[in-house]
Amino acid sequence: MNFWEKITGSDMTREFKIFEKRVKKLPADYQAAWEEINANLWAYTDFTGRNLMPILDRVLGLFEETAADGQRVQEVLGDDIRGFCSALAGEEGAKSIRDKWREQLNNNIAKKLGK
112 MNFWEKITGS DMTREFKIFE KRVKKLPADY QAAWEEINAN LWAYTDFTGR NLMPILDRVL
172 GLFEETAADG QRVQEVLGDD IRGFCSALAG EEGAKSIRDK WREQLNNNIA KKLGK
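Heads up: the sequence shown runs through residues 112 to 226, numbered per the working numbering.
Hint data in this document are derived by calculation from the structure and do not stem from the laboratory.
Every value quoted in this text rests on a predicted model; they were computed, and no experiment measured them.
Keep in mind that a hint or two might mislead.
Beta-carbon label-pair distances, calculated as ranges [said to hold, decoys possible]:
id, residue 1, residue 2, range
1, Asp140, Gly160, 35 to 43 Å
2, Ile129, Gln182, 17 to 25 Å
3, Ala221, Gly181, 53 to 61 Å
4, Glu126, Glu214, 23 to 31 Å
5, Pro138, Trp115, 31 to 39 Å
6, Ala198, Leu224, 31 to 39 Å
7, Ala221, Gln142, 43 to 51 Å
Backbone N, C-alpha and C define an ideal beta-carbon position, used for all residues, glycine too.
Take the sequences, apply the hints, and build the full model.
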């Protein structure tokens, strides 16, 4: 990855296009679960989102393997996709980017107030 790709995020765009081609080959229930995971997992990203790319790739690999085995997506993920995303991002109660920013803001205010 060169500097320009890192700044513009074109490497991630290219990777997402590959992900989308792979997702289109999956059954409809897996595609719906992918969209939900994709929406829920972004709360646990760093500023760029690059930390989620390997996680998303592994989730997609899991989906491809289990779909090939004939399993339904509910058998793989259960009913709690939000909990699944939380477990992927770290342990239960993993901090989202909003939580990290809130903590940073509170620390900065406490320093300014001399506490």
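Status of each hint after checking the structure:
no.: 1; hint: Asp140 with Gly160: 35 to 43 Å; verdict: violated (26 Å)
no.: 2; hint: Ile129 with Gln182: 17 to 25 Å; verdict: holds (23 Å)
no.: 3; hint: Ala221 with Gly181: 53 to 61 Å; verdict: holds (55 Å)
no.: 4; hint: Glu126 with Glu214: 23 to 31 Å; verdict: holds (30 Å)
no.: 5; hint: Pro138 with Trp115: 31 to 39 Å; verdict: holds (38 Å)
no.: 6; hint: Ala198 with Leu224: 31 to 39 Å; verdict: holds (37 Å)
no.: 7; hint: Ala221 with Gln142: 43 to 51 Å; verdict: holds (46 Å)
Checked against the numbered hints listed earlier, the structure breaks hint 1 alone; every other hint is satisfied.
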